[in-house]
Amino acid sequence: HCLDSTRPCNPCLDATKACNLNETCRRQRSAYIDTCNKGPQDGCNRKRCHKSLRQFFDRVQTEHSYGLLFCSCPNNACAERRRQTIVPSCSFEEKAKPNCLELRRTCRLDPLCRSRLADFHKNCQMTPVQQLSNSCPNEDYQACLAAYVGLIGTDMTPNYMDSTPTNFTISPWCSCRGSGNQEEECERFLQDFRENTCLRNAIQAFGYGTDRPKPA
Amino acid sequence: KRTKRARKVTTPCSLLNLEVTVSQLELGYEGDETVLFRYCSGKCSASRRNYDITLASVKKRLQGKKIRHNPCCRPTSYEEDISFLDNNYKYHTIKELSASQCGCV
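Chains A and B supply the protein sequences, listed in that same order. Mapping of the first sequence onto the working numbering: residues 1 to 216, in sequence order. Mapping of the second sequence onto the working numbering: residues 1 to 105, in sequence order.
Do not rely on the hints blindly, as some may be mistaken.
Unchecked claim - With a Cα cut of at most 20 Å, we get these calculated DMTMM-like pairs of lysine to aspartate or glutamate:
#1 B:90 with A:94
#2 B:90 with A:80
#3 B:90 with A:14
#4 B:95 with B:79
#5 B:95 with A:14
#6 B:95 with A:34
#7 A:38 with B:96
#8 A:47 with A:80
#9 A:51 with B:81
#10 A:97 with A:23
#11 A:122 with A:23
#12 B:90 with A:195
#13 B:95 with B:32
#14 A:38 with B:86
#15 B:90 with A:184
#16 A:38 with B:52
#17 A:51 with A:80
#18 B:65 with B:86
#19 A:122 with A:195
#20 A:38 with B:80
#21 B:90 with A:93
These aren't lab readings, by the way, just hints derived from the structure by calculation.
Just need the whole structure built from these sequences, with the hints factored in.
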């Protein structure tokens, strides 16, 4: 769906343009970038960065915010831009990767994170029925995308793990190393992000969707 | 018969938009992101003050001093920051890039 052959196809760049031409989106995007990009990685204020990311997704029309986050990419340049959307050096990555069950405990101590994570499991959960049909609970892609976006700006902030255009992996910043006898439970938890066909299809359906306006 | 000059539409000083890429700003950033650059343009002849008229008439007596006796269409305030991702995937923020209001000053 890149029709202009005079320049490299980059739907994420097109989405950025659409955002920059919209007053609210431009303001809110500049606000979180400015907050999240302050100082070197160690110096960035993660709490403030998370807060401005939540505000961005609360206040900006999904047409624009989802456009930036779920753009469908034909190449790495586009996918790297997509990965950078949430300023991962501040909002996502940390020096050490905590254990995922540890991270989940931290998340559950915070009422907002706790409820957003519950939403994610409810709306993007792969039950055996869904695994067969490759779809989402109630076939509701929108609900899963909204629940995914809801996690951005919490301790459980998920992101693209690399700049692979189509076969991308999504995960929170954690691993299952050092799970001891809870290894299986940890893997199950992590798989809900990494190997979630409902989430993947929801993202791809948005990227190729016909129900949203084409960026100007 | 009207002259060419008379036909020319004179728009008063106002805020205009231009879509430019980050590279086209020529501020030293390389980026393909498109941003909205807002600038001031237009005539200010309607807003000449007594100051300007007098200054114009006493100009000869001021012996080549640099003076401006016409109001100028300029930003009276600027938009807050604009942030973008450059082509090396680094984020930057530019302050006071675009005008948000124009005036004849």
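Right, here's what the structure says about each hint:
no.	hint	verdict
1	B:90 with A:94	18 Å, holds
2	B:90 with A:80	11 Å, holds
3	B:90 with A:14	18 Å, holds
4	B:95 with B:79	8 Å, holds
5	B:95 with A:14	23 Å, violated
6	B:95 with A:34	11 Å, holds
7	A:38 with B:96	18 Å, holds
8	A:47 with A:80	24 Å, violated
9	A:51 with B:81	18 Å, holds
10	A:97 with A:23	37 Å, violated
11	A:122 with A:23	34 Å, violated
12	B:90 with A:195	29 Å, violated
13	B:95 with B:32	19 Å, holds
14	A:38 with B:86	16 Å, holds
15	B:90 with A:184	38 Å, violated
16	A:38 with B:52	46 Å, violated
17	A:51 with A:80	23 Å, violated
18	B:65 with B:86	45 Å, violated
19	A:122 with A:195	16 Å, holds
20	A:38 with B:80	16 Å, holds
21	B:90 with A:93	15 Å, holds
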